[in-house]
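S.K.: Sequence:
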Amino acid sequence: MNTELKEVKKLAEKVEGWLSDKEGRLLYNFAKKCTGKGVIVEIGSWKGKSTIWLAMGSKRGNRVKLYAVDPHTGSKEHKEIYGEVQTFEEFKKNIRDAGVEDIVIPVKRTSMEAAGEFNEPVELIFIDGAHEYELVKLDFELWFPKVIEGGIMAFHDTTWGAGPGRVVKESVYNSRNFKNAGFIDSTTFARKVKENSLVDRLWNRSVLLLKGVYESTIPSQAKQ
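Those letters in the sequence shown? Residues 43 to 266, per this note's numbering, in order.
It is possible that part of the hints are untrue.
What the hints assert, rightly or not - Each pair of labels, with its calculated beta carbon distance range:
id	residue 1	residue 2	range
1	THR45	ARG105	17 to 27 Å
2	GLU237	LYS150	34 to 44 Å
3	ARG138	SER258	38 to 48 Å
Think of the hints as simulated: they come from the structure by calculation, not from any bench. No experiment lies behind these values; they were computed from the predicted model shown. The beta-carbon is built from N, C-alpha and C at its ideal position, and this holds for glycine as well.
The whole structure should be built from the sequences, with the hints applied where relevant.
M.R.: See below:
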């Protein structure tokens, strides 16, 4: 890991969250490569760990704005663990402390509410909201039309989460609208295209098979 990434890792480590360093570097590099043809969107920020990785990448790239969408009242899983939660003030503090206030635009809304008001093209989106299948599918359906051709869609928790895993299998790996699919730890990503080629489809499905092999090595308790 180079000095640049070590600095971001140090900032992100201060924030509670469930993003691995490998996933953080992936998001950082995607954000750094954004050209400005569209904005960056994050669905599900929690306290800002992934937000910091994305924002620092953008800051060291073309300074593309990052819209961080989260009602900051916690998902179903969060409420089961913590009870009622309010994370917005802590999120804002973490963003200030990381020095990325100039990049991040907090959107204190649900994904559905934000999508209904959102009119900008999206070059990169990271979906890490609720994990129930119907809600992940809804996130995909709401935001996919806003992603530009050539843009990146990334989804967290796709190797252990039944909902995210099913959505990416149906809507990414087996879709004609994506190429260059891949996964790092629990994050699946792919590039949106108007229509992929036979070679693209074979690649995507081979990665899906590899993902299945990888998932079989994950201890069952880690998937709960």
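S.K.: State for each hint whether it applies.
M.R.: Now for the hints, and whether the structure bears them out:
In this structure the hint that THR45 and ARG105 lie 17 to 27 Å apart at CB holds, the actual value being about 20 Å. Between GLU237 and LYS150 the C-beta distance comes to about 37 Å, which sits within the given range of 34 to 44 Å. Evaluation of the 38 to 48 Å hint for ARG138 and SER258 yields a pass: the beta carbon distance comes to about 42 Å.
Checked against the numbered hints given earlier, this structure breaks none of them.
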